[in-house]
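Chains as they are written, first to last, in this note's numbering: chain A, 1 to 315; chain B, 1 to 316; chain C, 1 to 486; chain D, 1 to 314.
Just so you know, the hints here were simulated from the structure itself, not pulled from any lab data.
Note that the structure is predicted; figures quoted are calculated from it, not measured.
No residue lacks a Cβ here, since even glycine has one placed at the ideal position from N, Cα and C.
A few of these clues could be false.
Some chain C residues near chain A, calculated using beta-carbon distances under 8 Å [stated by the list, open to error]:
1) Phe21
2) Val24
3) Arg77
4) Ile80
5) Asn81
6) Ser96
7) Pro99
8) Asn100
9) Leu101
10) Glu105
11) Arg108
12) Met110
13) Gly115
14) Trp119
15) Gly121
16) Arg122
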Amino acid sequence: MNLRLPSETVRLLIPALSLTALLAAVFWLQPRAMSYIGLNLLFNLAVPIALATIAQMLIMAVNNLDLSMGAFVSFVACVAATFLHDTPLLGWLILLAAIAAYAALGVIIHLRDLPSIVVTLGMSFVWTGLAVLLLPAPGGQAPEWARWLMTAKPPLVPMAIVASILIALVGHLIVMRSSFGVLVRGVGGNERSVERAGWSVLAARAGAYGLAGAFAVAAGIALVGLTTSADANIALRYTLLSIAGVILGGGEFVGGRVSPIGAVIGALTLTLAGSFLSFLRISPDWQIGAQGAILVIVLALRLLLNRLENRERRR
Amino acid sequence: MKAVHLLAAKPWIWSWLAAAVVWTATVAVTGGAGAFGLTQAALTFAAFSVIVGTGQMFVITLGPGNIDLSVPATMTLAGTVALKLMNVDNGMIAPGLVVALAIGIAVGVGNYGLIKLLRIPPIIATLAMSFIVQSAAIWTNRGLRIKPPSLLAEFTTSSTFAIPNMAIVALLVAVIAWVLLEKSLYGRWILAIGQSMAAARMAGIPVDGTRFATYVLCAVLAALCGYLLACFSGGAALNMGAEYLLMSIAVVVIGGTSVAGGDSNVPGIWGASLFLFLVVSMLNTYGLGAGFRLIMTGLIIIGVIVVASGRRARQP
Amino acid sequence: MTHKTAPAHPIIEVEDARISFGAVRALDGVSLAIMPGECVGLVGHNGAGKSTIVNVINGGLTPDTGRVASNGGALERYGINVARAHGVRCVFQELSLCPNLTVAENVRIMHRNLGGAGWRGRARRIIGESLDRIFPDHGIDGDETVGTLSIAERQMVEIAMAFSDAGTPPRLVILDEPTSSLDASLARQMLTHVRRFVEAGGAVIFISHILHEILATADRIIVMKDGRIVAERPAGGFDANSLFEAMGSVAKGAAARRQNRDLAAAPIVLRQTGSGLPFTAREGEIVGLAGLSGHGQTEMLLKLHALRSGNWRPRRDPAVAFVAGDRRLNGIFELWSILKNLSVASLGDLTRHGLVDEKAEEARAESWKARIEIRTQSMANPVLSLSGGNQQKVLFARALSTRAPVVLMDDPMRGVDVGTKQEVYRIIRSEAEAGRTFVWYSTEMEEVCLCDRVYVFREGAIVAELDGDEVSEKNILAASFQGAAA
Amino acid sequence: DTSDKTIALSNNYAGNSWRQAMLTSWNKVTGQAVADGVVAAADAFTTAENQVTEQAAQIQNMILQGYDAIVLNAASPEGLNGAVKEACDAGIVVVSFDGIVTEPCAWRIAVDFHEMGRSQIEYLAGRLPDGGNLLEIRGLAGVFVDDEISGGIHAGVEEHPQFEIVGSVHGDWAQDVAQKAVAGILPSLPKIDAVVTQGGDGYGAAQAFAATDREMPIIIMGNRHDELTWWKEQKDANGYETMSVSIAPGVSTLAFWVAQQILDGKEVPKDLTVPFLRIDQDNLEEGLANTEPGGVANIEYSQEDALEVIQAAM
Ligand SMILES: Nc1ncnc2c1ncn2[C@@H]1O[C@H](COP(=O)(O)OP(=O)(O)OP(=O)(O)O)[C@@H](O)[C@H]1O
Ligand SMILES: Nc1ncnc2c1ncn2[C@@H]1O[C@H](COP(=O)(O)OP(=O)(O)OP(=O)(O)O)[C@@H](O)[C@H]1O
Ligand SMILES: [Mg+2]
Ligand SMILES: [Mg+2]
């Protein structure tokens with residue numbers, strides 16, 4: 001009777017169950033996927049998405065939204081495939097500057113109380129523009145070490161799974177366990193009272209943005225490690241994917257309610273949903289629509305479990 | 001001090017100012033020669049952004065998280081189906097319009113249905129919906145480009161008293177939107193909901209009905225825009241709405257509507273639409289490459305928003 | 001709280017502070033000093049400037065002119081962190097925890113110097129100890145998310161947090177209407193702790209509109225009016241009546257329960273069944289909802305409202321109107337003027353062909369402004385320029401201006417000053433006389449005793465119905481605690 | 001014998017008439033092939049968005065599903081190399097066409113986009129020996145087809161210095177975007193003698209010019225039905241002359257047959273080329289007649305055509 005799970009755990013339970021259900025369906029449709037290689041093929045492209053989702057989640061934790069995530073990851077991918085490969089030092093400097101630019105964005109948004117949606121919308125043009133300048137046509141080459149990292153074959157568990165768990169763990173430690181994470185989520189929950197406790201909300205927001213930038217940089221590098229080369233539009237989809245991932249993972253747009261583990265699960269779910277569809281062999285006309293349908297189904301599942309959980313709690 | 005106050009009270013002023021500056025900078029290149037042509041072109045093309053932007057504005061007014069990402073797909077579906085139905089026959093213009101608007105209504109109903117029944121954030125619900133609608137557009141005519149009826153093509157591309165017909169239609173839409181927002185009961189309701197849904201509910205406002213009507217309105221305006229755009233550009237294409245996704249959001253926010261909801265304004269949409277068209281024209285005119293053009297577009301958007309909004313007086 | 005030999009210097013001293021918000025002069029030359037070992041009661045009408053002086057003391061607001069000093073030395077660049085370093089803590093009028101964080105994490109936010117490995121455990125311990133000390137049997141766990149706590153529990157956490165010690169011991173705790181969401185027994189526990197804290201050498205500034213609390217707890221009472229201090233005496237120098245007078249409100253005598261009217265013949269306008277006794281309300285009746293706070297009264301009101309208001313279509317004739325207690329959450333529209341806030345619920349009557357008749361709207365707002373004395377120069381001012389109590393009055397006017405035959409009130413007098421309360425009581429009474437029904441949830445016993453009939457709640461259900469002469473503090477308390485024993 | 005083999009089409013984009021025509025051709029030709037028992041299956045897959053990452057995932061799924069060959073229209077020439085390599089390692093035949101990949105293990109059926117751009121200037125040099133001002137309409141920035149065609153156009157201008165590109169806009173391969181961009185830049189441009197395009201944007205440009213009082217320049221068309229119709233109208237009315245060039249969407253069927261031949265054990269060189277489909281003043285009527293209303297001029301390939309193409313490359 002007194003089995004009252006902490007709301008944080010419940011928030012995780014739902015996305016985890018959806019992922020499991022989807023995975024079961026995929027295995028049933030395509031038993032070949034149930035292997036080391038199979039799992040890696042299913043999930044390796046989820047790794048950069050998971051990183052981008054964590055980045056988006058950090059921005060959402062401070063009640064902002066980043067519409068430039070995809071453009072920024074594309075830009076990072078272009079830098080990684082050019083400068084980071086040819087002149088690593090310069091490449092790292094550029095990436096550091098990009099992270100600093102993200103932090104600066106947080107500062108501007110806070111100081112002038114700007115709507116983050118608009119600023120990041122503008123930034124998405126800027127990042128795409130820079131990427132087009134770097135790589136007018138697709139090309140470049142991934143740094144050896146990034147390639148190695150993404151294609152490594154650890155024993156027993158495929159790299160994609162290891163990386164996902166690692167990302168979730170690091171995200172959890174930073175966002176849920178550390179003081180900095182508490183501060184960032186506090187800003188999302190009640191900015192005014194955080195300020196009244198004597199914290200610099202400006203610094204917290206800048207920190208959240210900077211950290212998001214760092215995760216997004218990691219996403220770009222991971223992506224290039226997988227694709228071996230880059231183009232200016234390579235990750236434009238990540239903007240919506242990352243938002244959807246956070247939501248699927250139980251996060252919310254406002255109020256600082258986020259979950260890094262959930263976000264990673266959300267990213268994996270989205271990736272898996274795509275595979276599930278292609279295993280279903282739907283007519284090409286409706287393949288795009290089916291992606292919408294699967295999004296709806298997964299969220300409906302979330303609603304259902306939410307309802308059950310609420311009924312449980314009311315008892 | 002007083003002037004600053006006046007300006008701050010009217011956030012749309014900035015988008016108009018920016019549009020004027022860019023217009024001047026573009027016209028300056030040719031020594032004033034292209035002024036008329038540029039103005040005409042700007043009015044024509046801004047009209048489409050105004051129509052979709054107005055719908056998006058109503059949705060964004062509903063408060064944080066409210067956004068309609070199905071706008072491009074709705075435009076495409078309405079355009080393709082209407083043109084297929086009309087099949088170059090002038091007698092079918094009215095039925096075509098009715099069908100386009102009906103598609104808008106259907107998409108709006110679907111959008112709010114998903115939001116309400118599944119309780120999912122609008123951004124995800126409308127994204128899912130847009131995939132389905134886009135598939136429907138592909139399925140209905142497989143991307144064939146059917147010409148519009150000649151009367152309609154003529155109407156959409158010509159001018160009355162030197163003002164493009166499209167601009168007149170958009171102006172009409174804007175005036176109706178302004179009356180709705182500023183003077184009507186419905187306008188009060190969406191502004192209230194945008195500030196606090198809970199408070200609106202407690203004040204006896206029919207929250208679901210209002211939100212539902214708003215999502216339908218947005219989709220209907222998108223459908224109308226798709227219908228007109230398809231006729232204007234000589235046929236519907238499957239990717240014709242694509243650029244109106246970011247555009248519809250950008251004109252709303254650059255136009256001074258608060259993305260936090262509950263605070264909107266219609267004139268700003270016109271200013272922002274003109275501005276966004278003129279920026280691209282200006283940068284094209286100055287012969288900048290795509291990269292620079294994108295960067296400049298982005299920086300100008302940020303610049304406008306930085307100038308336009310100061311930090312509100314904070315509560316202690 | 002280490003007991004020190006009382007130093008002669010005040011903990012905080014404010015000298016001649018002046019603050020204006022635009023045309024409003026919130027503070028007009030206020031000087032006050034808080035000595036260790038005293039509890040200062042601060043009273044005044046809504047908008048008198050109490051919260052403003054509090055914000056000056058805790059460093060959140062810098063006065064336009066004036067000085068802040070501590071321990072005899074003037075403090076340059078006084079700010080939040082300086083104030084906290086001097087042991088100043090504050091419980092604000094509105095709840096100010098982060099609802100998405102756990103109790104322990106909120107402690108981490110409030111105590112900046114708590115960091116380092118293992119802070120979670122320390123935070124849990126600190127808040128646990130403090131809660132145990134102030135509210136024994138609180139039943140709040142340090143790992144619970146604040147959002148899942150009731151308002152009263154959140155208020156308890158905030159109070160406990162202010163009195164907790166994480167490195168810098170609290171020396172001056174400011175309580176700005178802390179009892180407004182606590183029921184009587186919790187309020188008593190808190191006040192007992194205040195006395196303990198003061199006796200041990202700490203200082204407290206205590207703001208409340210519940211005058212007997214102030215009279216019973218404070219050592220010294222400061223009365224503010226229109227941004228100025230108008231009276232300052234030891235608590236013994238005031239009684240309820242003289243305090244009323246000093247505040248500028250004419251003592252109107254304790255509100256007596258109105259004459260029993262026989263309403264048995266009146267038609268029933270509301271009926272609701274739940275897990276306990278059924279709920280009914282008759283035309284012209286004032287029905288009270290009582291019991292310990294957070295036992296389902298608000299939920300009942302929300303349910304009554306939800307079932308009788310159109311969510312999809314507007315109702316031609318509104319069935320119920322609602323007065324919110326938590327005005328930030330479900331009361332005011334922050335971007336709007338006072339005018340629009342007031343008229344929003346009755347717009348249906350002011351509309352022709354779907355368009356709002358703005359002339360009629362203004363006229364109606366002006367009449368209500370006069371009727372319940374909303375303190376503002378113009379109804380076109382933003383609603384946030386009003387003090388908390390005045391915002392609450394606007395919500396009241398909003399509900400009363402509708403044609404709804406039933407008004408639901410969710411502890412609507414939170415933070416309303418005494419004079420205004422009397423005013424509102426009278427209005428309620430005359431409206432009820434005219435046939436309007438009121439369903440009134442209140443945490444103040446005095447208000448509950450004004451009702452014709454009272455339902456007592458316990459654990460989400462109605463456990464008792466008290467009619468006519470049965471309505472008394474004793475019976476209500478008995479009913480509220482009876483359930484616990486059963 | 002390939003009757004037990006399965007082939008998949010991985011397509012990165014379906015949002016325009018060209019791609020739709022390509023899918024239709026695929027369905028028509030492979031549907032027949034499956035019915036005839038030439039192959040066991042030939043499924044088409046399209047990604048929701050035109051993105052490398054999505055297509056890479058799609059290819060990985062095809063590997064899991066155990067297809068014997070993947071026919072690929074790639075979102076990027078290099079971005080898919082990782083996934084293509086994995087497919088090759090799994091023993092799958094990969095044939096890329098239109099959007100080709102650089103991974104050496106894959107076959108390529110290439111269109112010389114560079115030449116497609118250059119040939120436009122070549123044609124114009126014949127029409128306008130004295131040269132003139134050009135307006136360039138480009139495609140989607142950052143996509144390699146755009147870069148290739150534009151590169152060809154610029155190379156052509158270098159060869160024929162009497163031409164000058166006085167304005168360049170991005171039309172994103174969409175009629176309405178092209179129309180808008182052209183309308184925006186026109187007021188500030190001098191007289192335009194010709195418009196060079198990337199296909200599909202010619203009609204939009206013509207509309208934009210028609211809205212002004214400028215003289216209609218020579219607009220290179222891109223084989224769309226509406227372009228050809230407009231051209232035909234102009235030709236009949238005032239003898240307007242131009243040319244039209246694009247790649248035939250039916251090239252997907254060529255790729256299908258090539259994949260089938262490889263599965264059959266045939267020795268096929270890694271690099272094949274297909275000519276682009278060009279329509280000139282004299283075969284306009286013919287081209288128009290062969291184009292479905294609202295569609296794109298098209299050629300579908302048979303097994304014999306494929307054998308011929310392979311033979312030619314040997
Ligand atoms: N941020 C602000 N902007 C404008 N006016 C303000 C602001 N804060 C307070 N005021 C005004 O200053 C005056 C004092 O307000 P304050 O909140 O201190 O009153 P109070 O005594 O706490 O009243 P209550 O008992 O209702 O809480 C009021 O007239 C109020 O309207
Ligand atoms: N968005 C795109 N991304 C990648 N490649 C594209 C895109 N659009 C077109 N292409 C490629 O460009 C080439 C020419 O096709 P094009 O875009 O001109 O057709 P079209 O524009 O579809 O026709 P329409 O828009 O009139 O229906 C083809 O190789 C096609 O695959
Ligand atoms: Mg106050
Ligand atoms: Mg096109």
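* Asked: At a threshold of 8 Å, is the proposed contact between Asn81 of chain C and chain A supported by beta-carbon distances?
  -> Holds, because the Cβ-Cβ distance from Asn81 of chain C to chain A comes to roughly 4 Å (cut-off 8 Å).
* To do: Would you settle whether the hint for Arg77 of chain C is holds or violated, based on the nearest Cβ-Cβ distance to chain A being less than 8 Å?
  => With a closest approach of 13 Å, the Arg77 of chain C hint is violated.
* Asked: Can we keep the Arg108 of chain C interface hint, with Cβ of chain A closer than 8 Å?
  -> holds (5 Å)
* Asked: Is the hint on Ile80 of chain C kept, meaning its closest Cβ partner in chain A is under 8 Å away?
  -> Where the cut-off is 8 Å and the nearest Cβ of chain A is about 4 Å from Ile80 of chain C, the hint holds.
* Have a go at the Ser96 of chain C hint: is there a Cβ in chain A nearer than 8 Å to its own Cβ? => holds (4 Å)
* chain A contact restraint for Trp119 of chain C - C-beta distance below 8 Å -> holds (6 Å)
* When the least beta-carbon distance from Leu101 of chain C to chain A is tested against 8 Å, hint result -> holds (6 Å)
* Minimum beta-carbon distance criterion (8 Å), Glu105 of chain C to chain A -> holds (5 Å)
* Asked: Does the nearest C-beta of chain A fall within a distance shorter than 8 Å of the C-beta of Pro99 of chain C?
  -> holds (6 Å)
* Close enough to count: is the Cβ of Gly115 of chain C nearer than 8 Å to one in chain A? -> holds (5 Å)
* Asked: Would the hint on Met110 of chain C stand, with a C-beta cut-off of 8 Å toward chain A?
  -> Given a least distance of 5 Å, the restraint on Met110 of chain C holds.
* Asked: Does the interface hint hold: is Val24 of chain C within less than 8 Å of chain A, judged Cβ to Cβ?
  -> With a minimum Cβ separation of about 20 Å from chain A (threshold 8 Å), the hint on Val24 of chain C is violated.
In terms of the numbered hints stated before, the structure departs from hints 1, 2, 3, 15 and 16, listed from lowest to highest.
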